[in-house]
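> The whole structure should be built from the sequences, with the hints applied where relevant.
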Amino acid sequence: MSLDEMAPPETEAPAVLRVDELAVEFRGVKALQGVSFTIPRGGISSVIGPNGAGKTTLFNCISGVAKHQGTVELDGRDLSRLRADRRATLGIARTFQTPLLIAELSPMENVLLGAHAGIRGGVVGLIVRRPAVRADERAARARAAELMEVLGLDPDDTRRAGSLPHGDRRRVEIARALISDPKLLLLDEPAAGLGADETDQLLLDIQQHAQATGMTCILVEHDVGLVMRVSRHVVVLDAGRLLVAGDPREVAADPRVIAAYLGDDWSEDRQ
Amino acid sequence: MTELLQQTLDGLSAGLIYGILALALSVVFQGTGMLNFAQGEMATLSAFVTLVFLQFGMPFWAVLPIVIVLSALGGALIERTVVRPLERSGELPLLTLGVALLLGINAMMAIIWGTNSRPFPSPFGQGVVTSLGLRMTYQQLGSLITLLAVLTVTILVFNRTSIGLRLRAVAQNPDSATLLGQHRGKWLMIGWGIAAAVGAFAALVAAPVLTLSPGMMTFPLLLALAAATLGGLTSRVGAVVGGLIVGVSNSLAGRYIPGLDGDLAIVVPFVITAIVVVIKPAGIFGKARTVRV
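Chains as they are written, first to last, in the numbering used here: chain S, 12 to 282; chain V, 36 to 328.
Misleading hints may appear alongside valid ones.
[To be verified] Covered stretches of chain V, as calculated for chain S (at least 3 residues, CB under 8 Å):
#1 97-109
#2 215-225
[As the list claims (entries may be wrong)] Ranges between beta-carbon positions, derived for each pair:
#3 V:Leu130 - S:Ala153: 42 to 50 Å
#4 S:Pro142 - V:Leu39: 47 to 55 Å
#5 V:Val306 - S:His233: 41 to 49 Å
#6 V:Leu179 - S:Asp165: 35 to 43 Å
#7 V:Leu127 - S:Gly206: 46 to 54 Å
#8 V:Ser124 - S:Thr169: 31 to 39 Å
#9 S:Asp168 - V:Phe254: 43 to 51 Å
Simulated from the structure, these hints should not be mistaken for laboratory data.
Note that CB positions come from ideal geometry on N, CA and C, so glycine has one too.
This is the structure in structure tokens:
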């Protein structure tokens, strides 16, 4: 199956993410202002926009890394006042343009960290290693190995994650995000530093995972052709504001988008 | 030859105490970036609390688990109440806090228990083991076994359990760990608890030899600081190896270097530390800290 066949049509599924009047200011510079949109449940949606449009800042707001005004709702639950670690345990996972791994740990250990939100028991339970905790740890290890193999990584790799080649680090980061069974996966430029085939394979894996688990993925990506192929919903930012949001065809045909971002070259490509 | 071995053995027993304290320092340093100068006084406090329980007639081995748990809770409490507000304010405030805690806990112990040295019973009893011409008191042998066990358990907890994995993750990359749902503050607090519990063992095995007083661990802490610097503050294994090098070099220098007998021998481990740090600033096993800009 190719990526094109997998992009499902826009449907009226209830929103998994609702962002309302989001605003962020860094030392007087408005990185985002008045941004409101919803992301439909399931599949891949994307955020595009020129450099400096506020795409990564948007991800920082959703994941709780950046302080923001306005509300972020996941499945109808307001996350605006929650810290990043609480948001992570409620089902938001993310990756970074430059993979943010824990360099000293092995790839497997990095992936296992993603699973640890799901291991039962408080601190005391973890110290005395109750049987339930041990069973959870075994299950997490098996799941980690499975995900790593799907993504083309060696679960027994003993190298430090920091010494891996770029593509492998990205895959470790994605495996680490997927193992937590997130409701929402934020992928910040997953194609950066990967070849076209690698990128297609990666997105195909993610799309299959999303279909199997009901996860929703939001992509920040520069490659507009790729975005239009894989996304069911596209959000366009420009200079910190929402330009337009909708299904890929609507967005691609919008004159404001063509003017602000896609440029004449892209519309010519499409003809 | 036998004498050399005997001196080495004595040095190793003392070195393990420094190593265990250095391990506690390393656990705190990795997490909080703070050199906890009060680690020794916190350990001494644990020993005083043990003495109180013993005076009620409780057997040592029943008191031990209670004191270890209390020490861990105390360490966690100190992190939560006085360290956390300063956690992100840089090195100097944290350094000052360490000194303040050192002086504060020391003074508190002096007010409650006075400054005189008190005898502390050896949990291992009186007696000497002789084998292959080497001799060890029951106290030395028991300490050695206890500290090796503490060391093994600590290293297993850090390297083999999910709790250790989270502690290492939070210490090495707090931002990344937060995004994986780990609450940084919670794990730092647990790190302080573990450090206090580990440190308590060092004081409990040292007290019968050094006799218990508020300043009992001040000198061992100095050597533990040297040990941690020597081995690498960011490395738990390094801290322990550093402790052993400090203990053995101190013991051997006192015996074999003319003019350095008695307390003067302490110069040698510090000279070794200085040389190592000049060659490898992060210590033998330490990794240079990378800073993202």
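> Taking the hints in turn, state whether each one holds.
Structure-based check of all given hints:
| no. | hint | in the structure |
| --- | --- | --- |
| 1 | 97-109 | violated (count 0) |
| 2 | 215-225 | holds (count 6) |
| 3 | V:Leu130 - S:Ala153: 42 to 50 Å | holds, 45 Å |
| 4 | S:Pro142 - V:Leu39: 47 to 55 Å | holds, 49 Å |
| 5 | V:Val306 - S:His233: 41 to 49 Å | violated, 57 Å |
| 6 | V:Leu179 - S:Asp165: 35 to 43 Å | holds, 41 Å |
| 7 | V:Leu127 - S:Gly206: 46 to 54 Å | holds, 48 Å |
| 8 | V:Ser124 - S:Thr169: 31 to 39 Å | holds, 38 Å |
| 9 | S:Asp168 - V:Phe254: 43 to 51 Å | holds, 45 Å |
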